[in-house]
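Number of protein chains: 2
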Amino acid sequence: MAREGRLSARKEVILRALVEQYIRTGEPVPSKVISDQLASIYGPGYAAATVRNELVILEEDGLVAQPHISAGRIPTDLGYRYFVECLMGESQLAPEEQRLIRHQFYQVQHRLDEWVRLTASILAQVLQTAAIITPPRDAEARLKHFELLALYESVVLIVLVLEDGTVRQERIVLDNPVSQEDLSRLASRLNDRFRGADARTLDTLAFTEGRDLPPDEVLVMASLARMLAHLDILTPDAFYHDGIVQLLQREEFAHADADHVRKVVEALEQNRLMPALVPQVMQGDGVQVIIGGENDTDDLKDMSVVVARYGERGGMGGLLGIVGPTRMQYGRAVAVVRYLAQLLNDLLADTYNPQDVSEPPSQDDAESSRPQSDRVQGEGPGS
Amino acid sequence: MAREGRLSARKEVILRALVEQYIRTGEPVPSKVISDQLASIYGPGYAAATVRNELVILEEDGLVAQPHISAGRIPTDLGYRYFVECLMGESQLAPEEQRLIRHQFYQVQHRLDEWVRLTASILAQVLQTAAIITPPRDAEARLKHFELLALYESVVLIVLVLEDGTVRQERIVLDNPVSQEDLSRLASRLNDRFRGADARTLDTLAFTEGRDLPPDEVLVMASLARMLAHLDILTPDAFYHDGIVQLLQREEFAHADADHVRKVVEALEQNRLMPALVPQVMQGDGVQVIIGGENDTDDLKDMSVVVARYGERGGMGGLLGIVGPTRMQYGRAVAVVRYLAQLLNDLLADTYNPQDVSEPPSQDDAESSRPQSDRVQGEGPGS
DNA sequence: AGTTAGCACTCGCGGCATGTGAGTGCTAAC
DNA sequence: GTTAGCACTCACATGCCGCGAGTGCTAACT
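Protein chains in written order, with the working numbering: chain A, 1 to 383; chain B, 1 to 383.
Careful, some of the hints might be misleading.
[Said to hold, decoys possible] Derived coverage of chain B by chain A (criterion: at least 3 residues anywhere in the stretch with Cβ under 8 Å from a Cβ of chain A; other residues may be distant):
1. 108 to 117
2. 170 to 182
3. 258 to 266
[Unchecked claim] Here are some chain B residues pointing at chain A (derived, C-beta under 10 Å):
4. L149
5. V245
6. F253
7. H255
Since the hints were derived computationally from the structure, they do not count as laboratory data.
This structure is a prediction, so every number in the text was calculated from the model and none was measured.
Even for Gly, the Cβ is constructed at its ideal location relative to N, Cα and C.
Sequences and hints are given; from them, build the entire structure.
Pasting the structure below:
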């Protein structure tokens, strides 16, 4: 049914007009509207009847569809795909918007963890959709250090720090009270032993060494191993999300049944969405668009994902993206996601690979020596 | 309009039957149904016409209402209130259910932080509603210890621990690279200085002492102060919630408009609900029921909250509760919330005030010496 | 052969009238 | 004070109708 290859120029123009119009209005687009728009620009060759003839072909190709027989056309997932790949004019962010975003980052410039929250918040605000982001992690990060703190009697706090700055804590209850001195000794011993270990290493070490230790030490080691194991895989809580409310505010959901709403909230809450996409996104470069049910089987069949990697490949980095209705402004979404990914790139690069590592910073250094990077620091707090 | 004081016995019986029936079915309750139910139990005096006469009075008192003229009655918020205060038969949890819950806690007996997640999860599952809980905190907890870790060049990780085991971390970026030695020195100096300080104290100290320090040290102190300040008040992220999905699955939401759904999700996501109730709940004892818009002005006008305090007054403790539709099984909800509050009470008491602190635990100790407390530890892992 | 105007046809949708049944309020008898 | 009976009131479902939007098709035109 679907012919391969590139469409004729006129079909492309028609498809593009249709998709853009549908994204604007959300109503099935009649041939007359397309004709009116295009005839005034391109002259003859776009009468309503002609457009209808072309639409029949596009429908055979599976790019558009009719909700019912006497209605206009709407794009199918395949139609959106063609639009995104070949027809979409990718808009740049307005300088004004860029300035506003950079200013917000400037205000949290010293607080690395705020970058993540802020990015998600900006994505949600600017694009009025749900946003998902992972904190910057080093995929190969190893154990840097952990601490055992006696909180009360037999309550012990474990704080575990990876080399990339990831922190996890857990309070455990031992069978017997312990002193801080004993804990510190144990911590120091285990730290020497396990520093630089990754999850698997520690797991096996804990298993083999834990044989003839006192039960409370076994408990500590088991907890450490479990915490590391949870860090190693892409656990659901590795994702931070924002903007469920913005997503639900969109008119697509105004008349949706509550069951559909529930499924969307469920998928976002439980972070079932992103983990499945991780391998694909980590592979490719640039911004990627996943349309409708292309990957996910059901549930989110009229939702699309725009997602990108940020940070150095193999170094500190992560994922960020948005989840919105299939009917979204892809050009703008791609532009915003790309801009924020680039911004985080630059911030991380400045932090982890500063060019001025040896020389003290001077006044005009920030202004002049980095012409291309969207540097936040160089901007004043004005406005 | 509304008469004060206690209703007549028959009105109470009728109101109770009406509320229970409405909670069961969700449909306006006709007089005939009430009559059928009550006449078979209490004999004469409950004919449909008589019930109708009584319902007119109850309606004048503002306890019941009609959605439209030829429909049955539904309870008003005031009606629910009377029901909860005076009529509700508070059911106990079935021993089978108690066992199941205790078993789940037994499986995470050593992991204090899991208790919170597990409690919320159980509330959501058992009652099919959203659940909210705060981790156990000591209201007067002070700074126990903090660490400064050099992660990379000028990236520093601050890990802050309060005496009650609360942990917060933050990564900050200094203006200049620092060595771990310098950081350790600084940390040790500041630790000595600030140990035991609460947020306000530290804030003023940081302000007065921060005068003529190097800028990077000022930055560290400012970060510490901000982290403590965020810990001191009841910040939204002090609440953990679960069960939004369960709540949305209830039939009340099956035909609700998406706007209403959005508002509910919004309130739960942003934790706007609980903080307003904290003072009231902390004051009173036992389980408290907040019905409909009694406190909250709008938004959640057909939602009710069942909430309780757990832990010692003035010691380690917190809040736990559920948010469900006004039309919920209050008796059961109160029973479950009470049971879990008591369970956390006992767990915390055993942890922080163990009776057997000096003697080693023996086999029959767990079975015999605590007749009344719902102790988790004493139960085997069976089933 | 491709393009276009005109026209008949198809459906979705909103409005309207109607019938039905549930549940009440009222009245009169017990 | 309680109850049976009955008329009345709405909400709701159903069916019908007409309108209008948008198409598909055909025939004429370039």
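Check your understanding: For which of the previously enumerated hints does the structure constitute a violation, in increasing order of number?
Key -> none
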